[in-house]
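Chemist: For this one, chain A is given, so just place chain B on it according to the hints.
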Amino acid sequence: MARPRPPLVDCDIHNELAPGSLRPYLPRRWQEYDETYGNRGDGGSSYPKGAPRAARTDAWPPSGLPAGGDLDFMREQLLDAYDVRYGILNCLSKANRQQNPEYAAALCRAVNEWQVQEWLEKEPRLRAGITVPYEEPALAAEEIDRAAAHPGFVQVLLLVRTDEPLGRRRYWPIYEAAVRNGLPVGVHFGGGRANPLTGSGWPSYYIEDHTAMAQAFQAQLVSLVLEGVFERFPDLKVVLIEGGFGWVPSVMWRMDKHWARLRDEVPHLTRKPSEYVREHVWFTTQPIEEPPDPRQLLTVFEHMGGTDRILFSTDYPHWDFDDPDRAIKARLDPETRARIFGGNAMALYGLNA
Amino acid sequence: MTQIAAPGRYARPEQWPDVDLVDTDVHITPRSLDALLPHLPARWRDYIRESGVTGLESDLYPPGSPLSAIPGSRPAGGPPGSDPDLLRTQLLDAWGTRFAITHCIYGVDGIHNPDWAVAMARAVNDWQLAEWLSGEPRLRGSIVVAAQDPQRAADEIDRVGHLPEFVQVLMPVRARMPLGNRAFWPIYEAAARHGLAIGVYAGGAGGNPITPVGAPSYYLEEYVLLAQAFQAQLVSLVSEGVLVRFPELRIVLIEAGFTWLPPLMWRFDKNWKGLRREIPWVDRLPSEIVRESVRLTAQPLDEPDDPRQLLEVVEALGSDRMLMFSTDYPHRQFDDPVRSAPIGLSTDAMTRFLGGTALETYRLNGE
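One line per chain: the protein sequences are A and B, in this order.
Quick note on numbering: our numbering labels position 285 of the first sequence as 285, and the sequence is numbered without any gaps.
Quick note on numbering: our numbering labels position 109 of the second sequence as 1109, and the sequence is numbered without any gaps.
Check each hint, because a few of them may be wrong.
[To be verified] Here are the simulated lysine to aspartate or glutamate pairs, EDC-like style, with alpha carbons at most 20 Å apart:
#1 122(A) to 80(A)
#2 94(A) to 118(A)
#3 272(A) to 1306(B)
#4 94(A) to 163(A)
#5 1273(B) to 323(A)
#6 1273(B) to 293(A)
#7 272(A) to 1222(B)
#8 94(A) to 142(A)
#9 122(A) to 16(A)
#10 1273(B) to 290(A)
#11 272(A) to 1305(B)
#12 329(A) to 302(A)
#13 49(A) to 1278(B)
#14 1273(B) to 1283(B)
#15 122(A) to 76(A)
#16 49(A) to 16(A)
#17 94(A) to 35(A)
#18 94(A) to 34(A)
#19 329(A) to 1269(B)
#20 272(A) to 256(A)
#21 272(A) to 235(A)
#22 49(A) to 1269(B)
#23 122(A) to 83(A)
#24 94(A) to 32(A)
#25 1273(B) to 1288(B)
#26 272(A) to 302(A)
#27 1273(B) to 58(A)
#28 272(A) to 231(A)
#29 329(A) to 293(A)
#30 122(A) to 72(A)
For the record, the hints were derived by calculation from the structure and aren't laboratory data.
So here's chain A without its partners, still in its complex pose:
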C-alpha cells in the first residue's frame, strides 16, 4: 500500500489560449484592432522551442485544442492523475507586453474574464494569476483592483523579463494594488521586449535562453531587495515562478557581502539584504535543479534557511514538466515533504486544506 500522500498543490500550470479564445471577451473596438494590427510585442526576436509551443508531445488533447487548452484533458492528465488538491494557473499570453498600452490592457482584461468563465467557474481545484499590462503600472493596478473581486484569483502575474528592473519606482503602483487586495505578486519565466538576454547582447540558442532565464530572476530579486521595495511595502509577498532556487543562497551571500561594504549607497535598507529575501520571497521548484548527488539539494535548502518558502510546481503542459512523484530525488522527511508539496502554498495563497 502506498503511504497516504500530503495534499498536492501545483503552483505552475499553464492554461493555453486557442485562436479566437478571447474574441467573446473583447470589446468591438479591440476585436477590430486585433484583426487589423494584431500582436506587436517582441519585435520578432525568437528562439524556437524544443517542441511546438514548448509542450510535452503527449499533452496535445484529442479535441484539437492546444496543449494546456482543454480543461477536460488537463483534469485527466494532471489534476486527477496526480490527485492535485489545488492548481495555480499562470496564463502565458502576449497580452501583458503589447506595445500599445490600451490594447494590452484590453487583452489582459479579456484573458482574465476568459480565465474566470472557462477555468475558475468550471473547476473548483483551480486558482489563477491576474494577467496585467505590467509595463503600464497604472493600468495594471486598475486591472488588479477590478479582477481581484473574483475569489479564484490568488496572485498578480508578471513575467520576469521586464523593460526595467522590477524594483524601480515605476512598478510600485502594481505592488501597492497587490498589497491593497491581499495578493502575492508572482513573477513567471518569460517575457522580454526591450532588453537583450545578456549583458553582451543576444545569445544564439534556445538552450542559452532557457538556462539564462535564471539570471533574469536573480536580477529581479536583487533589484526588489536593494531598491527597498520591501521596506516600502512590508506586506508584499513575491513568488518567483520557474526560475529555480539553487542560486538563491549564492545571491543572498553576495548581496550581504557587498552591502556590508557599500551600504552607504542604499540607506533605505534597514536590514541585511538576505533578511528581506527570507521574509518576502517564495520560489517554485520546477525546473528543479538536479545535482549529481540528490542530497546536495538538501544542502541548498539548508543554505536558504529552510524549506518554508519552497512551492512545488510541474509547469504542465510544457516539455520540461517536473513529475510530482519523481522530480525531487532527495529523501525528504514527511513534514518537509508536506510543506513543499502543499502546505507552503496553502498558507501563502490562503487555500483550505
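Modeler: The following block gives chain B in isolation, referenced to the frame of chain A:
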C-alpha cells in the same frame, strides 16, 4: 564602516602552508593617459590631444567607493595600482607572492572607433612590458586586445603572445556579443596557438544593459549582478562549442565570484539532456566541460557567515582544480587575509588553491 582587524594585516597569513602562492587577480593601471602616449603613433597622440580625451578609466570602480581601494594603495600622483614599487612592498613582498597575474582594464573595450581601439590595446601592451613586466620577474601580464576587431586582436596576440611575460589574453565580460560567438574564434585560436589562457574580466563595453531586465539603479546592484554577466558568458562559451573546439584552452573567470557555479551547472546539465539536439557539438555534460576548461579567481568569495557552508559549495564544484587564489589588489574585498581563502580545505586542496592550479593553468612550472 568595517575596520581592518588587528590580526588582519594585509599580508600572507602565517598559518598558511609554505607553498607557492600565485595571485591570479592583480590590477595595474597607468598613472594617467600620458603614460601611454609614448607607445602610441603620432596620429593617435594627435587625435587624443585634439579631442580633449583626458582618460579612459573603466567606471566599474568609482574612485571613492569603499570597494575600490585598500588603505594605503594610492601612490602619490596616481590611482591605486599605478606604482610598481608600492605594489612590490604592499603586495608581492608582504604576501610572499611567487607570481602575480596582472590585468590592465583601461578602457579599450568601450572605444567605438576600431582603429583607435587597436592602437590603444597595442600601446597598453607595450606600456605593460616596459613599465611593469620587464622589471619584475614575479609579474606575469595579460594581453589587452580590441575585441571589437577579432582579426586584429589575433594579430596583436601573435605580436606579443610568444613573450614569456604574457600568460593570458583578456576578454571583457561585457562585450558586444556573447563571447562564444564564432566571430571571436580567431582570438581563441591565437591564444591556443601561444598556450595562453583567456581571462574574462569584470568590465567592458556598455551598449547593452548589464542585466536581462535593464540597467540597475545602484552601483551595489551592478557589482552584485556582474556575477550574472559571467554566467551568461560561461553558458555561451559552452553552448557555442568554443571549449570543445579548443580543448587545451583554459578560460579564467576573473572576479566573478563562484558560489553561483554549482546550481548553474545543475540547471545547464538538465537543459542539455532535454535540448542537446540543438547544439550537437556539445558532446558531453556541460558540467564536465566546465570542470575541465574553466578556472575561477577566488575573490570575491561571497562567503556566508558559516565557513562550513562555503566549504559545501566548494565541494559541490566537483573539482579542486578550479579555484585559484587572488587578492583582487588594490580592490578591497576582504579585511582579514585569513578570510581570503575558504577555511577548512585539505592540505592538498589548499596547495592547489594557493598556487598549484594557477601554475598549471598559466604554464608557469618551467620557470
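Chemist: A separate judgement is required for each hint: does it hold in the structure or not?
Modeler: Do the hints match the structure? See the list:
no. : hint               : result
1   : 122(A) to 80(A)    : 15 Å, holds
2   : 94(A) to 118(A)    : 19 Å, holds
3   : 272(A) to 1306(B)  : 16 Å, holds
4   : 94(A) to 163(A)    : 15 Å, holds
5   : 1273(B) to 323(A)  : 16 Å, holds
6   : 1273(B) to 293(A)  : 17 Å, holds
7   : 272(A) to 1222(B)  : 17 Å, holds
8   : 94(A) to 142(A)    : 19 Å, holds
9   : 122(A) to 16(A)    : 15 Å, holds
10  : 1273(B) to 290(A)  : 11 Å, holds
11  : 272(A) to 1305(B)  : 12 Å, holds
12  : 329(A) to 302(A)   : 16 Å, holds
13  : 49(A) to 1278(B)   : 10 Å, holds
14  : 1273(B) to 1283(B) : 11 Å, holds
15  : 122(A) to 76(A)    : 15 Å, holds
16  : 49(A) to 16(A)     : 16 Å, holds
17  : 94(A) to 35(A)     : 15 Å, holds
18  : 94(A) to 34(A)     : 12 Å, holds
19  : 329(A) to 1269(B)  : 16 Å, holds
20  : 272(A) to 256(A)   : 6 Å, holds
21  : 272(A) to 235(A)   : 18 Å, holds
22  : 49(A) to 1269(B)   : 17 Å, holds
23  : 122(A) to 83(A)    : 17 Å, holds
24  : 94(A) to 32(A)     : 17 Å, holds
25  : 1273(B) to 1288(B) : 13 Å, holds
26  : 272(A) to 302(A)   : 18 Å, holds
27  : 1273(B) to 58(A)   : 19 Å, holds
28  : 272(A) to 231(A)   : 12 Å, holds
29  : 329(A) to 293(A)   : 9 Å, holds
30  : 122(A) to 72(A)    : 10 Å, holds
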